[in-house]
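Number of protein chains: 2
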Amino acid sequence: MNQTVEFRNRPKIIGSYSIVGPKEGAGPFGSYFDYVMKNDLFGEKTYELAERKMFEQAVTGAIESAGLTASQINLMLAGDLLNQIISSSFTARDFSLPYLGIFGACSTMAETLAVGAMMVNGGHFGNILCATGSHFSTAERQFRFPLELGNQRVPTSQWTVTAAGASVLSLEGKGPEITMATFGKVVDFGIVDVNNMGAAMAPAAAETIFTHFNETGRKPTDYDLIVTGDLGKLGAEILVDLLEDKGIKLGPNYSDCGHSYFTREQDTMCGGSGCGASASVLNGYIIKKLKKRELKRVLFVPTGALMSTTASQQGESIPGISHAIVIEAGGK
Amino acid sequence: MNQTVEFRNRPKIIGSYSIVGPKEGAGPFGSYFDYVMKNDLFGEKTYELAERKMFEQAVTGAIESAGLTASQINLMLAGDLLNQIISSSFTARDFSLPYLGIFGACSTMAETLAVGAMMVNGGHFGNILCATGSHFSTAERQFRFPLELGNQRVPTSQWTVTAAGASVLSLEGKGPEITMATFGKVVDFGIVDVNNMGAAMAPAAAETIFTHFNETGRKPTDYDLIVTGDLGKLGAEILVDLLEDKGIKLGPNYSDCGHSYFTREQDTMCGGSGCGASASVLNGYIIKKLKKRELKRVLFVPTGALMSTTASQQGESIPGISHAIVIEAGGK
Numbered sequence: 001m002n003q004t005v006e007f008r009n010r011p012k013i014i015g016s017y018s019i020v021g022p023k024e025g026a027g028p029f030g031s032y033f034d035y036v037m038k039n040d041l042f043g044e045k046t047y048e049l050a051e052r053k054m055f056e057q058a059v060t061g062a063i064e065s066a067g068l069t070a071s072q073i074n075l076m077l078a079g080d081l082l083n084q085i086i087s088s089s090f091t092a093r094d095f096s097l098p099y100l101g102i103f104g105a106c107s108t109m110a111e112t113l114a115v116g117a118m119m120v121n122g123g124h125f126g127n128i129l130c131a132t133g134s135h136f137s138t139a140e141r142q143f144r145f146p147l148e149l150g151n152q153r154v155p156t157s158q159w160t161v162t163a164a165g166a167s168v169l170s171l172e173g174k175g176p177e178i179t180m181a182t183f184g185k186v187v188d189f190g191i192v193d194v195n196n197m198g199a200a201m202a203p204a205a206a207e208t209i210f211t212h213f214n215e216t217g218r219k220p221t222d223y224d225l226i227v228t229g230d231l232g233k234l235g236a237e238i239l240v241d242l243l244e245d246k247g248i249k250l251g252p253n254y255s256d257c258g259h260s261y262f263t264r265e266q267d268t269m270c271g272g273s274g275c276g277a278s279a280s281v282l283n284g285y286i287i288k289k290l291k292k293r294e295l296k297r298v299l300f301v302p303t304g305a306l307m308s309t310t311a312s313q314q315g316e317s318i319p320g321i322s323h324a325i326v327i328e329a330g331g332k
Numbered sequence: 001m002n003q004t005v006e007f008r009n010r011p012k013i014i015g016s017y018s019i020v021g022p023k024e025g026a027g028p029f030g031s032y033f034d035y036v037m038k039n040d041l042f043g044e045k046t047y048e049l050a051e052r053k054m055f056e057q058a059v060t061g062a063i064e065s066a067g068l069t070a071s072q073i074n075l076m077l078a079g080d081l082l083n084q085i086i087s088s089s090f091t092a093r094d095f096s097l098p099y100l101g102i103f104g105a106c107s108t109m110a111e112t113l114a115v116g117a118m119m120v121n122g123g124h125f126g127n128i129l130c131a132t133g134s135h136f137s138t139a140e141r142q143f144r145f146p147l148e149l150g151n152q153r154v155p156t157s158q159w160t161v162t163a164a165g166a167s168v169l170s171l172e173g174k175g176p177e178i179t180m181a182t183f184g185k186v187v188d189f190g191i192v193d194v195n196n197m198g199a200a201m202a203p204a205a206a207e208t209i210f211t212h213f214n215e216t217g218r219k220p221t222d223y224d225l226i227v228t229g230d231l232g233k234l235g236a237e238i239l240v241d242l243l244e245d246k247g248i249k250l251g252p253n254y255s256d257c258g259h260s261y262f263t264r265e266q267d268t269m270c271g272g273s274g275c276g277a278s279a280s281v282l283n284g285y286i287i288k289k290l291k292k293r294e295l296k297r298v299l300f301v302p303t304g305a306l307m308s309t310t311a312s313q314q315g316e317s318i319p320g321i322s323h324a325i326v327i328e329a330g331g332k
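Here the protein sequences come in this chain order: V and E.
All residue numbers for the first sequence refer to the working numbering, where the first residue is 1 and numbers rise by one.
All residue numbers for the second sequence refer to the working numbering, where the first residue is 1 and numbers rise by one.
No lab work stands behind these hints: they were computed from the structure.
Treat the hints loosely; a few may be bogus.
One copy or any two copies: either way a pair holds, since identical chains are not told apart in the list.
[Claimed, not checked] Cut-off 25 Å, straight-line C-alpha distance, at most; resulting in silico cross-link-like pairs (SDA-like, lysine to any residue):
no., residue 1, residue 2
1, 45, 143
2, 246, 95
3, 53, 192
4, 45, 188
5, 53, 83
6, 174, 122
Isolated chain V, as found in the complex (with noise of 0.2 Å):
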């Protein structure tokens, strides 16, 4: 196996929390999330003072659900969408915590799982916490237009969802186990559209799950969910039939968190994005069905659209990214 790791030591998510917007609460996943907003500025002056709270919030749910302190977290990986990944880093400062800080656009929550499930597997650090988030109004105005403009929303659009996640990880204690990772490449099928996303992540979707297919052995009936991140709808039908082609057949139990994120009546198009959806839906929803073995395996598969403005304003197409995880409800 070239881009594929198995965790002999089956690292644990002991910990887990997600906290979320209003209009995020009111969708299906709901009822599953741990916290949800009055408002969006959360009590704060800016919105990007709003993301980081939220952040810290999950940050701290996290580490109670794992029955820790702070002061026994060994090492924290995160990362968000905005420049210099400030939501992380000034948490980071604020939990005085050692960190790494890691940038997969919307893969952030598989990466630092992936990469921390490694460490927590080679007995390097013992508790460390992965965690993630994203804003609407902050990664709009900053990838796309000011909210104040009240640009159209074009049908192929997805909405930022306000939303942060975090788990830790340990060989101690109990939870779903985090058993394989697959390492994807950046793919890049000349989409330029920064209202197409969907379209521009499915290929390194499709290039990372048929990667672990082939260098596992395993088939989709292997898994009773198959989850991207935030491809929507169009993004998810274009990966189910780039899969198709060939010759991997994702069937019933495949979803995607943003396609699912929201209602049709919400009117959010191809439906949520950002970091925050996976990591909201994981933490939120995945892990709790874990726990209750309502799900036995999972291949969780955040997918990142590496944009930028400049790159953009360069005329540079937008690659795509995915990792894909395997968690399992273990234990029994």
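Chain V is already provided as a structure; the job is to place chain E on it using the hints.
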């Protein structure tokens, strides 16, 4: 040891490459760099494209110097200063390598090597490529002012170097060995001046170096070189003072890549800075000295200023981070 990890299998740096701009090539390390560009645009239309081309040459050079081809690299760990680390991500795309994006500002060379060493040490991947770089003209316009304004430079300012460096890690082959890493915390002493990076980063370097000596029981004389990344003249002085206050005398074996990067006549005020400073000195100068056994054991401690224009505009101070790795001549 809490923040320090020891690598029992001693991952080796089997390939390395450094490339710099003309001003950098005219400095004291000039003869050690593998390639000196004739001009900062490097035949490209924009400075961002020049940065990427330089990055790609560093990657190609490191892989060739390891006697490998790109298809034999199992994973690329990289980061840079540009928003969404586009130099790294687009390079990973162009080489079609499995990729983990890292963000540690100017501490990136140590962050990638520390994480890479852990992965190689654990036997998870065979050959890992670590890379970073920076470009004067892209960094200045992103973080400070458009160069066209011709702003006056203040006495505490540093010159972001145009340089990139890359290393290949493996358990097989020959080369200097990475034997330890100390992962740092985010430290913030309240500096708000983007033209005083040395003062912003020195406390993080002090914290990481103190932790390293404290956890390992070593002392400065156990190293024949202790080298920070880009504290510059002022930052290096602050570091020496901060550590003296904690009872540690760094002594004559201490130096800073940024401080030593240019001659006084090159008029860079406090010296060089940027991810490329420590990356090019490591891959150009230090590794060559280790191979010749003119250096035996080096403590390499790049520092990063986690600044962001958004955070600065909202009144935030600039936190710093620093990671340390121990590199030994090994062999014989």
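**Q.** Numbered hints the structure breaks, given as an ascending list
**A.** Every hint satisfied by this model.
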